[in-house]
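Protein chains in written order, with this note's numbering: chain E, 189 to 846; chain X, 971 to 1250.
Each hint can be trusted.
For the chain E half of the interface with chain X, some residues (derived, Cβ under 7 Å), not all of them:
(1) 229
(2) 230
(3) 273
(4) 555
(5) 703
Everything labelled a hint here was simulated from the structure, so no lab data went into it. For each residue, glycine too, the CB sits at the ideal point set by N, CA and C.
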Amino acid sequence: MIKKLGIIAVLAFMFIFIIGNVSAESVLSTSSVCCEKTISGAFCLNGAESTCDKTGKIVPTSCESTSFCKLGTCYDSKEGLCLENVPQRVCQTNGGTWSDKKANELAQCKLGCCILADQASFVTMTRCKSLSTFYGIKIDFRTSITSETACVAAANSQDEGACVSFEAGVKTCKFTTRQQCGGTTTTSSEILNASALDDLSGKYFYKGLLCSAEELGVPNCARQASTQCYEGKTYWFDSLGNRENVYSNQGNLSWNKGRVTNPDTICAKTGDSKTCGNCDYLAGSRCAPWDSSLLSGLGIGKPKNVDNYCKTTKCADRDGNVRLNGESWCVYDGEVGNAADPAGSRHYREICVDGGVQVEACDDFRNQICIHSGIQTSAGEYSVAACRVNRWQDCVSVTNKDDCENTDQRDCIWAEAVDGISLGNPKYAVGTTQPFTNPVSSASASSGASTTAQDSVTALTSTTNAVTSLTGDVIKTTVGSGVGPWEENELTNAWRVNRSSVDNGVCVPMVSPGLDFWQSGSSSQVCGQATATCTVEVTKTYKKNLLTGSQELDSVSARDNECLTQKGIKFEVKPEWAAKANAVCSAMGDCGAGFNFNEAFVNDGYEWKYKNRSYYFLESDLGVLNQRLNPGTGEAILDYVINSKYQLKQGETVYVKA
Amino acid sequence: MAKNNMNQKRGSTNLNKRGSHRDPRQIFSLDKRGQVTIFIIIAILIVAIILFYFYYLGPTVFSTNAKKPYLERCIESGLAPQIEKLSLAAGVVNPTFTSQYLDENYTFICYTNEYYKPCVVQQPFLKDSFEKALAAAMKPKIQECYDGAIAELQAQGNEITPGTIKTNLSIDPDGVSIKINAPTVRSADGASSFSKSIDVNVYSDLYTVIMVANSILQFESSYGDSDVSSFMFYYPDLKIEKIRRDDSVKLYIITDKNDIKYRFASRSYAWPPGYGNTYD
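Make a model of the complete structure from these sequences and hints.
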């Protein structure tokens, strides 16, 4: 009679990625005092007492709690400028008036529209007075205008025309606004009062007329005497220095019989032209002086009396694409998004400014990400990019797909879970001895066990992290979670996930954050949140040798799993599983093995163990390591490439022990 | 063989002078007189171009600065280097609280050593502090220029009674204005004259540069960052660079069209790597 003996074994296959092993205490600096002044010369900083300048006040509390370093609004009564976040002492020392209120709560900081002739500035009243006094014009401060846009519009909507008066008996003219002229006005440029034109004591404003208009009869006012730049366009100026219409090489068209006309009626907005002064920022040009280099200086190609032209402001990006002035776009060090940003990489924003490309780095450690969008214009798409904060911090605490992919709240992606993966266990940190469990319900564990042979003998072995509850199943649907869904079993002190509130998958940062893993910091906190422990149920069947009476191994079987490959009675580790776990780990930050932004393979920052044996990725495993998470679908990992060369080294075959 | 070729070339040149068919290959085969003529023509052309350039186009480097009074010239010559020097330190004399980058120091005008918090303003009134620093730096130079002007007038035979000078320096939208109150009595040929104040105005974009820096400071202290490109679109004559360091320090360089660089640093709303802690 063959007596079958079933033995259930548990293979605990642990895969832990660790970066750093720094105690949290080492990164917590002590902040005990408020220094009025530090040794380095800074004012009002919280810090260690040793950093304080002994000549200033040192108070064992936060600076916000002191009177001298309390932050508030500082008002400069001379210039009419208001500045927030200024310590009281700093403000008063510099001659300012300090208030603990916000700037928008202070009357003297209230902004309004200051009309300065044909210009406008959204400033305080004091500043408006200061500017008006400087330019010698009457103050026009409009508190009813409450936005900068409306202020600019108010300036643009002012009537412009010729302001004619007599100075020392000689008729003179100034092209200005009706308000600035301040004289008796005519309602229309067509109404030219002959008596007014000869009124020696009067000042008359003629809306829509240029000073060079023949009807005005201003002596010594020759039209189109020179060109100058004004608001980005090239304008004609008369011999008295008054602005006329936009420049065009067709002089009469531009002069328009001495009437003001819209630039677009003279010549169409232009990107780069020496014959039309209707320069346009969006079209890629702005007014600039004629090149003063020797060849151009000789006047080659330069029209008479024309010292300015529409200079192109277009740029070429790294790929040779033409970019318009003001266009900005993102530049990355390597792969971006989809949790694929390599360690050490950073996002950049490039801007086309006046024909040159400026590079602006986003915050380091990928604390900022570069985002871009396009505005459709008649000339094509106008790209706009910006660096903004990377909201990755709460990704691992999110347990359902919709919340994870809510881009209004966070920058995360939902990816397929890996067998045994655990994210964000609040009680687990690498290097500690906190209990760890695969967060699978005990119900599934018992059902898994019941499928084994009737004569089987259950032998439980635990991993070094003390699996407190046998799952009895390969954990396909292990899901990470944060503080919310995790719950502690008071009897066993084991932490497990409350699966009722969790979707199938893991939520990881879309742009994995950078970590200063070479220094004491939070890298262990971040990377330590991703840990995978794969538990496999193995059944061995023995049969009794009737001749010898001894028991011999009859068969070995394991439940379908991702962790092991069975070869006869032996099992080998599956690198694919390790690589999947590594991909999740890398998504957490600069964790795990992989390629850095310099395309160098870094085989560090992880721990891959089975019992006391450690395994390492080989550099030839690049294909395996290159796999990336598949965001959103939660079904499969894309670009999953298994390097066929992967083999365990000799002597590393994993045996299943009964 | 070579000698024969040379003779042939000479022959060809003469032939051309007589109006015969010109061999293009021999067009440069001129005799000495011809070469001299060409050299003279080229020289005349060069001189004409130079004269045309300097007198007609009048490059600004050859300005009429020499026509200005000595005092004005003297002060102007001392002002430019002081503006340049102070601009590099955001108007702070011998700054101690700085961030170093490529061996250059950038004065912190707003700083916090904490994460997730706005910076604390260190230099609230950039224009005022610049004016004070510039006035202090220019004081010895102005005195020196005044003394020099007195000496110059005395050398011309004037009898001069110098007074104690007081200066008032201000940075205005159209430049730097220095009002020198110097009660000076000048006697010559039996007549005496009294001059009280002298105004020196030097064109500069400094006012605009400082106001832009002030706006950046407002953005930094309120929002933790600023968009320099929008400033550049409003002020096309300014170039504004922002360099982010890995410790969340931002370095700003505002360059005007005269290549004056106004530099400062800020650290606001810093984010730590990873979850970080409260302090840097």
